[in-house]
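Full structure from sequences and hints, please.
These protein sequence lines map, in sequence, to chains H and V.
According to my numbering, the first sequence holds residues 4 to 199 in order.
According to my numbering, the second sequence holds residues 140 to 257 in order.
Hints in this document: simulated from the structure, not taken from any laboratory.
Wrong hints could be hidden among the right ones.
As the list claims (entries may be wrong) - Think about it this way: if two alpha-carbon atoms lie no more than 30 Å apart in a straight line, the pair counts; the simulated DSSO-like pairs of lysine-lysine are:
#1 K208/V <-> K93/H
#2 K93/H <-> K112/H
#3 K153/V <-> K208/V
#4 K153/V <-> K93/H
Just so you know, these numbers come straight off a predicted model, no measurement behind them.
For reference, the chains in residue letters:
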Amino acid sequence: MQIPYTVHARPDTGVHNSKLGIWLFLGSEVMLFGALFSSYVLLRTSAPSWPLGYTMLSVPLAAVNTVFLISSSVTMVMAWASLKLHDFGKYRMYMGLTFLCGLAFMVVKSFEYYEHVVHHAVPATNIFLAVYFTLTGLHGLHVVGGMVVMAYFLGPGTRMWRTEAERFTNRVEVLGLYWHFVDLVWIFLFPVLYLL
Amino acid sequence: MSHTGADDIRHHVKVYIRVFVALMVATIITVAVGYVHLAIPLAVTVALIVASIKGTLVATYFMHLNSEKRIIFYALALAGVLFAVLMLLPSLTHLGTIADERMGAFEHVAESVPPAVH
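Laid out in structure tokens, this is it:
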């Protein structure tokens, strides 16, 4: 049995099911990160003292990572636009670039984590680092999750393009919505953790 | 998205490039303001305003919320209201603390007032 309305819009909602599904999922993600942001605010405002992010973390590395993620959002939307223009070659290029930006983000993040750990700055050291590792760790897991799906849509998943081009395009759009959300979370994490 | 013609997509691509440039400029502003080391309340305000502008650009243009169907906004509105409640929780907790401190202050005043002489 096939899932209905994966290509054309459902008459009552006006969108295809996968798009509604991903937006509902993103709503739950807002709650997940919202609860953690709320905890961060409570812990910070209740603490007698709180270290400024830039005294403990590397702002240049985080700024470079911001550039990687914003660039990846653009290449992701360009990948989707390429499919809409029936240019599969450009799709592969842009999706490949998005994957590489995600990989670059994780490599930089790994360097940051390595530096913290060798200097014995771990989650148990203080509440600031516990919050930092929780928020960036959860965000990093989301980046890795997105990269796994990208790898699928660069490899075996592309078979669908030959048989059901429109459905494949919708799948890429849904992946794009997820990836832009991951970018959006980082846009707030960067100033909150590193600059304040 | 509602516009799927090739010309529309090419127009969208131009918009994506402009949004990308705007996001990069906003990132430079964020980092520059971070290095100025403003007072915390001002720094928080500026950082959140710039981050909100960047987030709005991503949601509006990359996530196509500028041309999305009503049901998506219903789902987002629910998430938005619950998110606002989550963000208010720390403030409510502190309101409780402030109230406790005031009560404490009043008790202190009450103890210090000598009994009325009749």
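Broken hints, by number: Violated hints: none; all satisfied.
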